[in-house]
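Novice: Knowing the structure of chain C, use the given hints to seat chain L on it.
Okay, here's what each chain looks like letter by letter:
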Amino acid sequence: MQDQLTQFYDSFQHTLPLRQFLTSSQPRRTERIKAESPESEQGIQPLSPEEPSSSDQDTEFPPSSATPRRQRPALIDVSSVERTISTVTGDFRERLATYALDATEEPRSLGASLTPVPEITISQSSPRLKTRDLVEEESSDDEILEEPRPQLAQVQTVKRSIRTVITPSQLEMYTAPAKRSRTGDEEGEGQRRSLFQRTLQDYLRTPGPSEGKSLQNDSEEMDILPAEQVADVLAAAEGQEEIIDEDEDGVLLDGEETEAQAEDQNISQMEEVADTVEEEGNQDEEIQPNVIEEPEPISSKPGKSERNLFKSRQKNAVHNLQTASTVSLSDIRNQFHSLRHARTPATQPGTIPGKEYAISNEKAEERLSLTVSKEDFSRMRIVGQFNLGFIIAVRDRLENGEHNDVEDVFIIDQHASDEKYNFERLQAETVMQVQTLARYFHLHRYMGLTIDRNNWNLLRWRNRLF
Amino acid sequence: MEESIVLDHLDVFKLNGFDIRPSLDESPGKRCYLHAIPMSGNTVFSLSDLEELIHLVQLHPDKKSVRCSKARAMFAMRACRSSIMIGKALSGKMMEKVVRNLGGLDKPWSCPHGRPTMRHLTELGGWTSWDEDMVDGQIAIPGV
Chain C
132 MQDQLTQFYD SFQHTLPLRQ FLTSSQPRRT ERIKAESPES EQGIQPLSPE
182 EPSSSDQDTE FPPSSATPRR QRPALIDVSS VERTISTVTG DFRERLATYA
232 LDATEEPRSL GASLTPVPEI TISQSSPRLK TRDLVEEESS DDEILEEPRP
282 QLAQVQTVKR SIRTVITPSQ LEMYTAPAKR SRTGDEEGEG QRRSLFQRTL
332 QDYLRTPGPS EGKSLQNDSE EMDILPAEQV ADVLAAAEGQ EEIIDEDEDG
382 VLLDGEETEA QAEDQNISQM EEVADTVEEE GNQDEEIQPN VIEEPEPISS
432 KPGKSERNLF KSRQKNAVHN LQTASTVSLS DIRNQFHSLR HARTPATQPG
482 TIPGKEYAIS NEKAEERLSL TVSKEDFSRM RIVGQFNLGF IIAVRDRLEN
532 GEHNDVEDVF IIDQHASDEK YNFERLQAET VMQVQTLARY FHLHRYMGLT
582 IDRNNWNLLR WRNRLF
Chain L
67 MEESIVLDHL DVFKLNGFDI RPSLDESPGK RCYLHAIPMS GNTVFSLSDL
117 EELIHLVQLH PDKKSVRCSK ARAMFAMRAC RSSIMIGKAL SGKMMEKVVR
167 NLGGLDKPWS CPHGRPTMRH LTELGGWTSW DEDMVDGQIA IPGV
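Which chain is which? The protein sequence lines are C and L, in order. First residue of the first sequence: 132, per this note's numbering; consecutive thereafter. First residue of the second sequence: 67, per this note's numbering; consecutive thereafter.
Next up, chain C with everything else stripped away, as it sits in the complex:
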C-alpha cells in the first residue's frame, strides 16, 4: 500500500507540469464549447474557477479531499451537459447514444468511442437505446467530452490527457470484468489527479448514474454481452490510444496503479450508489443522477459540498439514509453467517454434555441437599472469588466414607449466603423490644373469640384494644 502511495505521489510530480499546462489550456476549450453551444456555458463555467485551487489540492491523495471538488461541478454538469447534447450535432448524438449504451455496460466507453470498433459491438445492444431514453442521455454526456474535441482540432493536448486518464481505468476494467459496476468510481479517481481529469470527471460522473441504472434495469443485458468481445474491443481501443499517447505512457502506468488503489477504496461507495439506484426505481429521471452522486460525499467527506447538496435537494436526504442501511444490512448478514460458522466449533469443545443448567430452584435445592451435607461446608476447599460476587469452592466426594477421585465444584453466592447467615443469627438471637401496654389485656376474651366467633368479631375486639 505504501509503495502504491509513493508511486502515486511520484506520478503527481511527473504529471504536475502537464496538469498546469492543461489548466491553462482548459479555458480555451470551454470557450470553444461555448461558441458551439451557448447553452453549455452554465455547465462548463463553474468548473473553471475551481481549477486553480484544485491544482494545489491534487497532491493530496485521499479521496475524501478530492470528492468535494469532484462533486460540485458534476452536479451542475449533468443538466448542462444534457442540454449541450441536444444542441450538438445530430450525427454525434447518434454515435454518442450508441456509445452510451456501451458506457452503461462498460464505462470505458470513452476510450472505445475513439475507435470505430466499439461502435460495432454496441450495435448488438442498440435496441436498448430506444427503450431507455435516460440511459442514452446520461451516457451520451460521456461522449460529449470526446465528441466536441475532435471538432476542436487545436486542443490535441487536451485529448491526450483525457485518454491517458481513461485508459488505465479501461485496462483495469478489461482485466477485471467483474468490477464493472465500480468503473464509474475508477474514472472518478483517475480524474482527481489532474485538473483536466477533473473536468473530465464531471462529464464522466454522469455516466456513473447511467451505469447504476443499467445495473438495475439491464442486469440481464449486461450479462448477455460476452466478456471476450468486450476484451477485444478494449484491446483495440488500448492499442490506438497507446499509439497516440506515446509520450505519456509513463504517466499512464503510474495512473493504473493509483487508480487500482483508489478503486479499492471506492468500491464500497460505488456499491452504495448502485443500491440507491435500485431503490429509486421509478423516480424522476432528473433526480437520479443527483441521488447517485450524493452517497459518495457523505461516506467520504462531510463538507461544503454535502451541505450544498442537502440545501439544494432535501428531498434526497432520505435516500442517503436508505443507502447506508441497505449496504450495511447485507454486509451484516454475511458477517453474521461467517461469525456463526467460525464460532460454533469453538464453543462445542467447552460444553459439558449431559448437564442441565436450567433446573428449577426446588429441584436444585433437592439435589444440593442430597449431594451436600452441612458438614461438607467445613471440608470445602476455597478456590477463589469469581466476578466479585461468588465464591468457588471444591469438595471431594466421599463415598462410603472413602475419598473419591471425583471432586465437585460449587459456586456460592457470597451475598446470599452471608445474608442467610445473618438472618438466622438475627432470628435466633434477637429479642424484640417490648412496648409495655398501659393496661394489661386479658387474653381469654381474645382467645375465646378466635376460637368461637368469626373474624368480624375478632376485628371488633382488635379495634377496641388499639
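Worth flagging that the hints you see were computed from the coordinates, not collected in a lab. Every residue, glycine too, gets a C-beta built ideally from N, C-alpha and C. Wrong hints could be hidden among the right ones.
[Said to hold, decoys possible] Among the chain C residues that face chain L by a calculated CB cut under 10 Å, a handful are:
no.	residue
1	SER509
2	ASP539
3	ILE543
4	ALA547
5	SER548
6	GLN558
Specialist: Below, chain L alone, put in the same frame as chain C:
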C-alpha cells in the same frame, strides 16, 4: 387449648416481644394477660401477629425461634443490608468464614428472599491434564 400452647411456650412469646403473664388464680381459659407487645423501629405488631405466632408454635412446637411473617421480613431486610455485598472483593479468610458459616445454618440452601446460596457447577471427575508431551512421567523435550 390455645391457652395451654401459650402457657407451654411462654419463652417463645417472650422472645417475640409478647409479654404474656399467666395468672393461675383464674379459671382455665382466662389465665393469660398480655402485658406488652413487640415493637421494633417503625414496625408495629398487633394481635394478629400474636395470633399467627400462636398458630406457628402450634405447628412447630419444638422450634426454638418462631417468628411471625412480619418479623421475618424485618429480619431479612436487616440481614440483607448488613451482609457482604456483591462486588466486594473478599480475602481468603473472609471467604472461608462465609463458607464455614453456611455449615452451621438451619437451611443454608437459599437466602430469606428466595435466592439460592449455592449451586453445583460441575464435577472434576477423572480429570486428566494434557500429557502428550509426557514420557514416563517426565516432560519430554523434543530434540533432546
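Novice: Next step is simple, just say for each hint if it's right about the structure.
Specialist: Hint by hint, here is what the structure shows:
no., hint, verdict
1, SER509, "5 Å, holds"
2, ASP539, "5 Å, holds"
3, ILE543, "4 Å, holds"
4, ALA547, "4 Å, holds"
5, SER548, "4 Å, holds"
6, GLN558, "5 Å, holds"
The structure agrees with every numbered hint stated previously.
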